[in-house]
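Student: Listed below, chain by chain, are the residues.
There are 2 protein chains.
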Amino acid sequence: MKPVKVGLLGLGTVGTGVVRIVEGNQEDLSSQVGSPIVVEKIAVKSVEKARSVEVDPSRLTGDPWDVINDPEIDVIIEVMGGVEQTKAYLLQALENGKHIVTANKDLMALHGAEILAKAQEKQCDVFYEASVAGGIPIIRTLIEGFSSDRIIRIMGIVNGTTNYILTKMSQEGASYDEVLKEAQELGYAESDPTSDVEGLDAARKMAILATLGFRSNVELGDVSVKGISHISSEDIAFAKKLGYEMKLLGIADRNGDQFNISVQPTMVSQNHPLASVNGVFNAVYVHGEAVGETMFYGAGAGELPTATSVVADLVAVVKNLKLGVNGLKAISPYKPKLLTSEEEVFSKNFILLHVDDKAGVLAQITQVFAEFGVSLASVVQQPNEHNPDAEIIIITHSASKANMQKVLDHFESLEVIRKIKSVYRVEG
Amino acid sequence: MKPVKVGLLGLGTVGTGVVRIVEGNQEDLSSQVGSPIVVEKIAVKSVEKARSVEVDPSRLTGDPWDVINDPEIDVIIEVMGGVEQTKAYLLQALENGKHIVTANKDLMALHGAEILAKAQEKQCDVFYEASVAGGIPIIRTLIEGFSSDRIIRIMGIVNGTTNYILTKMSQEGASYDEVLKEAQELGYAESDPTSDVEGLDAARKMAILATLGFRSNVELGDVSVKGISHISSEDIAFAKKLGYEMKLLGIADRNGDQFNISVQPTMVSQNHPLASVNGVFNAVYVHGEAVGETMFYGAGAGELPTATSVVADLVAVVKNLKLGVNGLKAISPYKPKLLTSEEEVFSKNFILLHVDDKAGVLAQITQVFAEFGVSLASVVQQPNEHNPDAEIIIITHSASKANMQKVLDHFESLEVIRKIKSVYRVEG
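Those sequence lines, one after another, are chains A and B.
Going by our numbering, the residue at position 250 of the first sequence is 250; the numbering climbs one at a time, nothing skipped.
Going by our numbering, the residue at position 328 of the second sequence is 328; the numbering climbs one at a time, nothing skipped.
Calculated directly from the structure, the hints in this document are not laboratory data.
Hints may be right or wrong, so weigh each one.
Since the list gives no way to pick out one identical chain from another, each pair is judged satisfied if it fits inside one copy or across any two copies.
[Unchecked claim] 20 Å max Cα-Cα, derived DMTMM-like pairs, lysine to aspartate or glutamate: (1) Lys335 / Glu385; (2) Lys2 / Glu27; (3) Lys335 / Glu23; (4) Lys45 / Glu412.
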């Protein structure tokens with residue numbers, strides 16, 4: 001049987017895993033697709049560099065175009081990362097009639113629509129399961145498993161770095177800076193951690209998930225983003241004391257025909273299944289009108305988990321190739337994109353205020369909430385351990401983002417409030 | 001666009017859900033498959049019976065053959081249940097060139113291989129996502145999401161009735177009989193609960209999951225089964241005290257090329273993600289060589305969750321129909337079936353003994369474990385609250401099933417042991 005030939009762009013962590021799985025599981029893979037699968041050519045930055053996986057040097061090239069323009073190659077696996085140059089490579093690969101498997105969330109979040117349109121034009125497959133939540137088959141689940149349902153809400157812990165940091169802060173009471181440093185030493189955080197800790201990586205993944213879940217073309221700019229770098233160990237201690245875990249949550253909500261997508265540190269009730277997702281693990285909670293609550297849990301990153309998803313996509317491409325149906329099953333987002341206004345985005349909120357420790361303060365503060373129609377679930381006033389101030393801890397009932405902002409704006413002008421210490425979304 | 005015509009066998013709980021979803025989500029469904037989907041004909045036991053969903057009486061028939069032999073119908077959805085007669089219906093439907101979606105775990109566990117072989121012969125699709133774990137797309141995940149990986153272990157809470165009973169017993173300290181009665185009143189348990197509480201329903205689902213996960217033709221008879229009807233509230237209290245929750249777990253283990261599949265009440269460590277799956281929810285934990293630990297959680301039964309899976313399968317069939325590739329993607333189990341011998345099935349165990357309260361007893365008992373090479377993780381002896389006996393609570397390290405059986409057999413002849421009160425598998 002004629003082997004299917006694969007070209008690999010990139011031989012870093014995930015690329016190495018792909019080579020390992022394709023070679024190590026060859027018998028299983030060929031039993032499923034009916035012919036051998038061969039990684040024919042690999043584009044790398046340096047052909048001389050020592051590799052942790054054995055590859056015949058004659059298969060390596062320093063020039064991605066050697067792979068993209070090789071007429072022998074059927075499928076391109078892109079695990080090199082990058083956006084603009086990589087997009088040019090993949091558009092040309094599609095132009096050349098090659099099918100694509102990519103793990104590139106940045107590319108798919110920023111230019112997914114353009115790449116998928118080109119793929120449809122050329123009747124090619126573009127699969128990208130590994131771009132979100134590593135080894136968890138969440139993209140397949142949204143496209144196929146829930147094809148029959150209407151998704152109301154997707155909540156995800158989709159960034160392992162920040163979940164590792166928050167888990168450590170929660171379990172050890174350590175500070176953000178300490179844990180970030182440790183994560184960097186362990187290789188769980190980049191030397192420049194901005195994209196992870198400021199929520200951008202999670203936002204890209206949420207744009208991809210919301211596009212699939214809501215069947216509408218959600219873009220990165222539609223996602224409001226807050227990161228975790230300002231979270232103090234005091235905040236986490238408050239959360240735990242009140243029965244919550246602090247998580248960086250991506251939340252995509254549908255309200256009728258309108259969507260709201262955000263990423264922010266969120267206090268998640270310890271009873272919610274997302275609260276016990278710890279360390280570098282990822283999980284995506286999906287609530288459908290018919291199916292109800294579901295959750296999908298697994299490794300969000302790492303060589304072999306991510307490569308599992310890449311190679312599963314490769315198997316799907318090769319099956320389609322054998323049947324001659326590549327590019328024919330893809331569904332373009334068909335729903336209009338309407339974003340929910342801030343008047344209609346509702347959530348519960350946690351607010352920690354430092355205030356003057358004198359009579360009448362609490363009355364003034366609760367009056368502000370009442371004025372803007374925000375009702376309160378609990379209010380605690382206590383002396384501050386470290387200052388002459390008092391602390392007021394408030395959890396609101398569900399309130400609109402617009403009204404909450406009005407309350408906070410008003411607080412700025414309230415003399416008795418020394419500091420708005422923390423504000424977090426609350427879920428569960 | 002010519003509509004795709006569906007014939008429905010059965011209009012009970014799941015059938016009603018299917019009608020609701022196909023009609024309620026028609027716009028979404030037809031956007032995905034490119035033509036309307038119509039439930040054309042429905043076979044029911046009584047055409048006169050009042051229904052909670054509105055259906056044109058002219059679409060109802062009392063005779064399933066009317067549906068199966070209707071040349072207009074493209075796809076048969078079987079949600080009537082039953083085994084032998086239903087098998088005859090479906091084999092004839094395939095003979096007639098119709099594709100099949102079924103929610104019937106009994107049928108698939110007992111005759112899946114025969115039905116899938118006939119489907120392959122006739123180039124028809126047979127999809128059965130709803131047969132295991134209701135709304136959780138676990139069958140898709142095993143076939144497609146993990147096509148690239150080699151599964152080591154599948155552990156599932158796949159029976160909602162027993163999980164409801166065990167959760168209630170754990171949370172309320174209630175007895176098995178009390179909770180079963182309550183579950184029957186709430187409709188969570190059948191009036192004859194045998195199939196659920198004796199583990200047979202779970203065993204059928206595990207045979208299906210193991211066949212897919214291990215790519216080998218696992219049959220119901222390969223699954224060893226113990227139910228929950230003998231579990232006392234005392235057992236559950238012991239489990240909780242030691243940091244475990246009692247769950248009816250299906251466990252499919254692969255050891256090299258050998259498989260072991262069982263269903264039994266198991267003490268699951270409270271740290272394990274399966275321990276917090278409560279009530280009628282289901283969850284399947286899958287451990288793959290490359291992907292590592294994953295878990296999939298959701299509603300295991302109910303009208304709309306189960307119908308979500310049925311209609312997602314219908315969408316897949318219709319997409320294949322449009323592409324002319326029905327029946328071509330199916331993979332027959334291609335691995336030989338080798339079952340692990342009892343010498344090589346290992347697990348930790350909990351044993352509760354009632355013994356004479358006198359000197360030297362513990363020495364005699366631990367001597368038996370030593371003799372058969374079973375090492376102990378913990379041993380506690382304490383007075384029995386209700387008897388003059390003492391209680392000995394033992395947790396073993398991982399031991400072979402064969403050696404554990406030898407220990408228990410030997411205990412029968414040991415005079416100081418008044419009763420082997422409980423023995424449970426321990427996980428996590």
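Student: Run every hint past the structure and note whether it holds.
Tutor: Hints and how they fare:
1. Lys335 / Glu385: Neither, since 53 Å and 66 Å both go past 20 Å.
2. Lys2 / Glu27: Cα proximity of Lys2 and Glu27: one copy only (15 Å, versus 42 Å across).
3. Lys335 / Glu23: Intra 41 Å, inter 19 Å, cutoff 20 Å: inter-copy only.
4. Lys45 / Glu412: Neither, since 52 Å and 69 Å both go past 20 Å.
The structure fails to meet hints 1 and 4 from the earlier list, while all remaining hints are met.
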